[in-house]
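Student: Chain residues, written in single-letter form:
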Amino acid sequence: MSAPIDTTEKFAAYAHPSKLVSTEWLAEHRTDAGLVVVESDEDVLLYEVGHIPGSVKIDWHTDLNDKVNRDYIEGAAFAALMCSKGIARDSTVVIYGDKSNWWAAYALWVFTLFGHDDVRLLDGGRTKWLAEERELTTDVSPVTPTDYPETPRNDAPIRAFKSDVLAHFGNPLIDVRSDEEYSGARTTMPAYPEEGALRGGHIPTAASVPWARAAATDSTFKTRTELDDIYRGEAGLADGDNVIAYCRIGERSSHTWFVLTHLLGFDNVRNYDGSWTEWGNAVAVPIAVGTAPGAAPVPRR
Amino acid sequence: MSVLPSQLAEIQEDFLALEQKDRLLLLLEFANDLPELPQEYQDHPDLLERVVECQSPVFIFVNLDAEGAFHLHATAPRESPTTRGFASILAQGLDGLSAQQVFAVPDDYPQSIGLSEAVSPLRLRGMSAMLGRAKRQLRERLA
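For the record, the sequence lines run as chains A and B. The numbering of the first sequence is the UniProt record's numbering, which starts it at 1 and goes up by one. The numbering of the second sequence is the UniProt record's numbering, which starts it at 1 and goes up by one.
Some hints here could point you the wrong way.
Cross-link-like lysine-lysine pairs, in silico, DSSO-like; alpha carbons within 30 Å at most [stated by the list, open to error]:
| # | chain 1 | residue 1 | chain 2 | residue 2 |
| --- | --- | --- | --- | --- |
| 1 | A | K128 | B | K21 |
| 2 | A | K10 | A | K57 |
| 3 | A | K162 | A | K19 |
| 4 | A | K128 | A | K19 |
| 5 | A | K19 | A | K85 |
| 6 | A | K19 | A | K222 |
| 7 | A | K57 | B | K21 |
| 8 | A | K57 | A | K128 |
| 9 | A | K10 | A | K162 |
| 10 | B | K21 | A | K85 |
| 11 | B | K21 | A | K67 |
| 12 | A | K222 | A | K57 |
For the record, the hints were derived by calculation from the structure and aren't laboratory data.
Chain B extracted, bound-state conformation (with noise of 0.2 Å):
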């Protein structure tokens, strides 16, 4: 069995510690969290690949530093919060670890950490998504 990396662990925890209700409130952090775009990719927006699975459109971008840590990078308009909020879970989720390790993400990760409910099964989608991508993005960057 693979061990979640453990930032990963961390939010999951977070989110299933809380009441229903609050759990949204904690998906609006992230959104709120979401860092900016970094410069580079703000002035080179065809970088950027939007994830067609999600209701809003968002955009992601990978790499790997220098010394080989995983960043993920994204993009949404502040009226779609609820994309904002799984794009910034798993930028904060992902940022830092290895190519090996985010491969190892187990791809039901967002079913994982208590939104279903809250959110609903379908809207979920658009994050599984976003993860599937990211992983196929960091495939090709090291192919």
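The following block holds chain A by itself, in its conformation from the complex (with noise of 0.2 Å):
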């Protein structure tokens, strides 16, 4: 069972306006029956500092990750996930996050690696929530588990490992990093974690787009015409196009893979989630330096 969709005119222009809602929306739907609230966000506890009532928290780190292996979880991993917060197979999920939802659209991402078919962001997320000062609550409310059933993982349609990279030249790549990153100044993005790569610079021939050009100030997504202006216009993505998307560990290009897939309406776009932190360490890999794109390599025999 859906939620009606939302039908706020800012969102007729996306291609996919299904997957957004408003805080206007949410705050009157937020209790419908078949409709779950996800809170996912950078900081683990920002969810206990307060959230929306009757919201659920999906960690990234602690619950999407596979503890073991650099992957996802697994289909009865998911399955678990789900059941233990109360979402079914068709119910409507609502992510929402801090940052701009860098990181609720990054979970938005995984449940379409399980096929979820009614998944969407609320604009704006967690800031937008807050600054117009919407209810808050840290009472964790009782979840019913489901019986959601075990769906095998799909990576294909949406995911490109480094083999599917290193194929794809001649096609379009975004690289989704600061400019400092892109460049090859630094490996990791100013004021965050350094994790390691051993490389700097880009994949060649990527066009650089910061993820966060797709956000406007107030964290909602800018309008359909600006971000033609930045992706079609600027990085000259046409119709058509086959897309990857990547930055340092996955979770910024999700949010573009999002602006890309549903609101710009490419349907051929994935996202390289092992990203500079894999491409920047892996042997034998092209790597341009400085603010070109670069040419595209020689195909290796």
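Starting from the two chains in their separate frames, assemble the complex, guided by the hints.
Tutor: As structure tokens, then:
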């Protein structure tokens, strides 16, 4: 059972208006049957500080990542997680978070790996909800467990691996990291922990479009026109393009993946979650340094 | 083997005695207990050093008082409770120690209080960075 679509005018211009809800809409619908609100933040304690009443917490580090392998959880673990959060296969899931929904978009992308159909973002995320002084609570509502079916993770449509990137040259790549990371001046984003990439720079031919350019100052997504100017205009993407986006560990590029796929309607976009922490450490892969995208490498035999 | 100063040992015992979920709530208590900066530092933001390894803007300053007792002051935004919690653990755990005791605190103390699973090892790096910077600042004060 799906919750109604938010008919906010701004959303109508996006390719998939059903993927966003406004704070007004959520305030009205958050207690609807079949709707589950999920908070997913960079800061693991923010939910405990206060969250939208009735919402559940899903943390990228502790819930969605496999504990041993550098990979996402498998179908059985995802089903168990959904069950424990009261999410059914046909639930409408609305995800919100801190930092312009950066980690919320990541969670949404992982939900998509498991084919969860109706998953949406709260436009403006936690920041906008707080700015409007809407209701928060520290109470954790009791969850009625569901029997979410075990569904295999389907990586291919939206997830790229290193081998996919190596075979991708000639098609558009979007590097969503900061300018300093793109040029190779640093391997981690300004003011963030060093995560140990041996080499700096970017994947040759990648266009630089830092992820946060898609967000307005109030943490909402920019309008369709503004986004088209950035991604079709400046970055030169065209309908039908086969696009791979990457960042450092795949979180910022999930945000861009959401923008390209659901707001601008590109239907062949993958997120390379290995990103720079894999590419910058890999042996014998091509790297470009400086502010220019650089030329595609000659294919290796 | 060095002996952990009693305040730090108590904090460690308190965390380890709890279930994973409750460890997060204890960390939140620490976050809420982070003292305000003393007025002299509020008026002198230039004295504070940013811990760039942390994901949130956190600034620390250490000093030794007239009796040679160590104090760590920190400030971080309310919307960054994890970082505030880390700073608060160190501010409380190191407060009043001698310089020698501070230097003797194991660099892996943040990994020893049972938060790796609840918080994630990556996030815990921010606390290690804070401890490292506190020790370095102290060395500079003594130089």
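Student: Is the Cα-Cα distance between A/K19 and A/K222 30 Å or less?
Tutor: Holds, at roughly 15 Å.
Student: Can the restraint linking B/K21 and A/K67 be considered satisfied, given a maximum Cα separation of 30 Å?
Tutor: Holds, at about 17 Å.
Student: Take the C-alpha atoms of B/K21 and A/K85, compute the straight-line distance between them, and say whether it is at most 30 Å.
Tutor: holds, 15 Å
Student: Need the status of pair A/K10, A/K57: alpha-carbon distance at most 30 Å?
Tutor: Roughly 28 Å separates the two Cα atoms, so the pair holds.
Student: Does the alpha-carbon distance linking A/K19 and A/K85 stay inside the 30 Å limit?
Tutor: With Cα atoms ~21 Å apart, A/K19 and A/K85 stay inside 30 Å; holds.
Student: Measure nothing beyond the straight line between the CA atoms of A/K10 and A/K162; if it is 30 Å or shorter, mark the hint as holding.
Tutor: violated, 36 Å
Student: For a C-alpha distance cap of 30 Å, please report whether A/K57 and B/K21 respect it.
Tutor: holds, 12 Å
Student: When you check the alpha-carbon spacing of A/K222 and A/K57, does it fall within 30 Å?
Tutor: Distance of about 26 Å is within 30 Å: holds.
Student: For the pair supplied as a hint, A/K162 and A/K19, is the alpha-carbon distance within the 30 Å limit?
Tutor: This hinted pair holds, its Cα atoms lying about 29 Å apart.
Student: Decide if the proposed pair is consistent with the structure: A/K128 and B/K21, CA atoms, cutoff 30 Å inclusive.
Tutor: Given that 30 Å is the threshold and the Cα spacing comes to 28 Å, the pair holds.
Student: Is it true that the CA of A/K128 sits at most 30 Å from the CA of A/K19?
Tutor: At roughly 17 Å apart (the allowed maximum being 30 Å), A/K19 and A/K128 satisfy the hint.
Student: Does the structure keep A/K57 and A/K128 at a Cα separation of 30 Å or less?
Tutor: holds, 18 Å
Violated hints amount to a single one, hint 9; each of the other numbered hints is respected by the structure.
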